[in-house]
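In order, the protein sequences belong to chains S and A. Quick note: the first sequence uses the numbering used here, first residue 2, plus one each step. Quick note: the second sequence uses the numbering used here, first residue 8, plus one each step.
Source of the hints: derived by calculation from the structure; they are not laboratory data. Be careful, since some hints might not be right.
What the hints assert, rightly or not - Not everything, but these chain A residues come out facing chain S in the computed CB check (under 10 Å):
no. : residue
1   : A73
2   : P185
3   : H352
4   : C365
Note that the structure is predicted; figures quoted are calculated from it, not measured. A virtual CB, placed ideally from N, CA and C, is assigned to each residue, including glycine.
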Amino acid sequence: MNRSAESPEPLPEPLPERVPEPLPERVPERVMKVLVAGPVGVGKTTAVKSASDVPILTTETTPTDDTLLLKPSTTVALDFGVARLDDVRVVHLYGTPGQKRFDFMWEILRDGSAGVVILVDASDPDAIEGLGPYLETYAALLEQRRVALGVTRLEVDAKDGLAPFRSHLGRIGASVPVFEVDPRSRADVLVLIRALLATTDVDLMS
Amino acid sequence: MNARANLTAERDVGPLKVVLSAMSERTRAMLEYHFDRDADEVFAVAEVGDAPDAIIVDYDHPGTRAAIESGKWASGPPLIALAHGEVEAASAVLVSKPIEPAALAAAAAWLRDPGSRPTETREEPSSTARAVPAPVAEPTPATDPVAERSRRLPLAARDLDDVAPTATAASRRRPVEPDASALDDGSSDLRRRARVEALCGPARALAAFDDPNDPAHRHDPARHLDGHLARALDALQAKGSELRGVTLVMPDIEVYVLPWLDRVCTSEPLNWSAAVERVFREHDDDEVDLVTYDIRTVNTLVGRVNANACQSYPLGAFRWLAALFSARGRLPFGVDVRRPVQLRHWPAFTRLEMTPGCLAIAAEWTRAPRTIGSMVEHLGCEPRHVTAFHAGARAAGLLESRPE
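Isolated chain S, as found in the complex:
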């Protein structure tokens, strides 16, 4: 058998090179850090809990001072929750402790934050004076309009509504959102956060 006389079998045609289908374009998530600050007992932990899509991390413990007269537990370091606003925006919520003696945490948590939601209790006769330390600590954020004020317990004492808080912020030249908020309402807390971020966004566009 003369093998050389036979024509070789044609090689099979090479398979066309497989081009992988492009993956759907994925918009990267935009994660933002937002603080929830305010005096003791104003509803910060409740607000973080209401807005968060996941069980929140808390550092609550039994108070050892006058705070015990107000509530059985208080935040001593931070609360942490995660709220997804839409397909792109995710907010990491950090609740600060309310007690002045933990104010070092206010400054530690401030770093890298997109803004701060300050809650204030309308039924507290000294509510406006009580805002002072927070406006001072977050003065740099306030200057950039990265502050939103949530007024709680207006249903308890709605005599003057939001007006005194607006005028107080107006006097220091801050045109920031001032909303009535029920910290137990997820919708209320999220509207406040969205307003805060809307302010940040339009300022960046300008």
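Since the structure of chain S is already known, use the hints to place chain A on it.
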């Protein structure tokens, strides 16, 4: 306390002037109403500039207890604290709840003359507070507590009882929550589009607003419900404390304005587009009756609210909603789209109907003055979203003209 309670002889004549502090709006309204009705008897609310004879506070109101203990009112006039049960409150005359006129009268008598302390005063040995309950009627075999209470209360007390549920009926009626479907991603697209169209009208080009008198894209707010409501509120403001409430009687609806409760109640639900179109269409002046109520007739208004009202809104939320439903994305006649405007402050969006892009529009309009056109271009949003926001903000009195 005795020294503070020693009121001068001239104060013994006529009602004691009191300041109402640290209490809910409901309690305040109830007391003011009662004092107004019994103006010549025990207490009257002090006017601005009057030196009050006493301060009445709600001991159960958050913060009151701490304020009393911190001595907030220690240097002022005597303190009357309204409280549930037996409590301790230094330097305050306690009036037990439920508040009865007789107990208030007893507190007044005690303030006028500390020596006339009622023998029924409940006081814990450890407490420095004086509790002033209503004088106890002679024992009767009656066992029905309601009948018993009704029997021994004087007329004024029954009137006070009438007022409490009256105020409660409107104030406890849960206000209609803003419908979030115009924004909520969870709504079906159809529902969302329908809601946006109800609030913002059909899509319009910016050029449609060039003619300030084009009836297709302009409207006269004064002929819609929000205009009639604005007139009603102006009437209330002009008459000061004489007028207590207003009813707008329109062909399809009655709108009850209760400023002392910061509420508006409607006799028809506004959940359906057909109802919205009927109620918020243009109405001539002769189609709308404005019925006003003063202190003597306000109970008639309250009776109508209790009988007819089916929905309740905070006053500001209703004005905002009425403006949006009336305008449906149109601008008022004569408004120049080239004139820059700015917001005085943010609308309180947690209690208002939100429209697409409203937060960004509010953020930009509080930051700097802008025309409607430049706002549309800057944010890249639909013109009707900006004009709808404009309608709400205009009704709320938030817009002011500014140079750009």
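Hint by hint, here is what the structure shows:
| no. | hint | result |
| --- | --- | --- |
| 1 | A73 | 8 Å, holds |
| 2 | P185 | 9 Å, holds |
| 3 | H352 | 5 Å, holds |
| 4 | C365 | 9 Å, holds |
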